[in-house]
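There are 2 protein chains.
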Amino acid sequence: MTAIPVRDRLVDAAFALFDERGYEQTTADDIADRAGVGRTTLFRHYRSKEDVIFPDHDRLLAIVKERLATASKADTAIVAVTETVRLVLLRYVEEGDRARLRYALTSRIATLRDREIATVARYQRLFREFIAEWMGPAPGAALRAELMAAAVVSAHNHVLRRWLRRDTTEPAAELDAAMTEVVSLFAEPSGGKSNGTAVIVLHDQRDPEAVAATIRRALRQRS
Amino acid sequence: MTAIPVRDRLVDAAFALFDERGYEQTTADDIADRAGVGRTTLFRHYRSKEDVIFPDHDRLLAIVKERLATASKADTAIVAVTETVRLVLLRYVEEGDRARLRYALTSRIATLRDREIATVARYQRLFREFIAEWMGPAPGAALRAELMAAAVVSAHNHVLRRWLRRDTTEPAAELDAAMTEVVSLFAEPSGGKSNGTAVIVLHDQRDPEAVAATIRRALRQRS
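Residue numbers (numbering that gives the first Met the number 0), protein chains in the order written: chain L, 0 to 222; chain R, 0 to 222.
Chain L extracted, bound-state conformation (with noise of 0.2 Å):
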């Protein structure tokens, strides 16, 4: 006998079931059983049946959490961000297989998709708090995190779909694509502390003499 821990024996076994059985028809007697252990165990490792299949969500988030306290000064938690939803897609990656069985039966049974979307909006949570304190009183700032949350975490998802989808197999670095547009959006923070010109050009096809004289018109309107 191989020596695989309980709690993956667990895991396991509960796919199995879910898949076979179903999710209604499988209690948590079903999976210890099969998994050749007995209740009481099952339910020192996990709060309930559908906990078996999830990740460790309380000990990721701990984690995330970790990870964006370190951060304090605006560029630093963009860094922090990054790298944190970047930490997060590659546990799901790392799960391989088990992360696409889990995908399969979240897709099917509302019960599980609706814990999975509870779980992301704790994440949601942990990101926005981050963002509203890193960006201090300033006014719209709440909102603006709200908004930077919000769109860090469907980023993320984003990817993941894809990757779970088998549509790329290189989710890291379209995660982070994807969070360079993220970035970009919210470039210039609404009560930012920026003193200098900043001059974005998209899609040039005019004459840059002629727009050259459109922007110093512009500028000493403002002046």
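These are computed hints drawn from the structure, not numbers from a lab. Since this is a predicted model, take the numbers as computed values, not measurements. Be a bit skeptical, because a hint or two may be false.
Heads up, the list lumps identical chains together, so a pair's fine if it works in one copy or across two of them.
[What the hints assert, rightly or not] Derived lysine to any residue pairs resembling SDA-like cross-links, with alpha carbons at most 25 Å apart:
id : residue 1 : residue 2
1  : 64        : 109
2  : 64        : 106
3  : 64        : 112
4  : 64        : 107
5  : 64        : 160
6  : 64        : 108
Fit chain R to the supplied structure of chain L, relying on the hints for placement.
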């Protein structure tokens, strides 16, 4: 006796009992009893005891879907999204104290909170599908639709929460302002069809001539 509709009697009974006895300790039978109807009547109107205290989301989601479906072009799409999200907000506002009672319960009881969060995900999905369709198959459009839908829903929730907490008495005006912010975040869609040169000037503190020179150089380098 005044003729309060059965549905409303059930809602009032559920809120009162959840508050008096706690959510877990209240059964569907208790709610039916308090409303002066039978258990069968309750289950003719609601799927479960927690269903009683939530708005009729199936109906509201159908209204959202229908309103979005009337828009076809980019400008009407933004208007449709903004109007639709305002419509959802106003449903909560019209409920008045009932919405605040629900908020108190969902803040305290995890089952109800998770249920609320799962519902929000259904709205977000409708917005995402609508925005994705409107954007078409441009590269990056799927991510962008995801980010935009998340922003729309977050803006709504931000204002709704402020109203629920009595932080604002002007929820509709605040939502309009928040939606303006959301629209401005996404003002230049990636893969957009613009051909001109969009120049965004932020915080001009430098000499217009110097800026014009920089831009002239930047445009020349790209051509």
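To see whether the hints hold, each was checked on the structure:
| no. | hint | result |
| --- | --- | --- |
| 1 | 64 / 109 | between (29 Å within a copy, 21 Å between copies) |
| 2 | 64 / 106 | between (28 Å within a copy, 21 Å between copies) |
| 3 | 64 / 112 | both (24 Å within a copy, 22 Å between copies) |
| 4 | 64 / 107 | between (31 Å within a copy, 22 Å between copies) |
| 5 | 64 / 160 | both (23 Å within a copy, 24 Å between copies) |
| 6 | 64 / 108 | between (30 Å within a copy, 23 Å between copies) |
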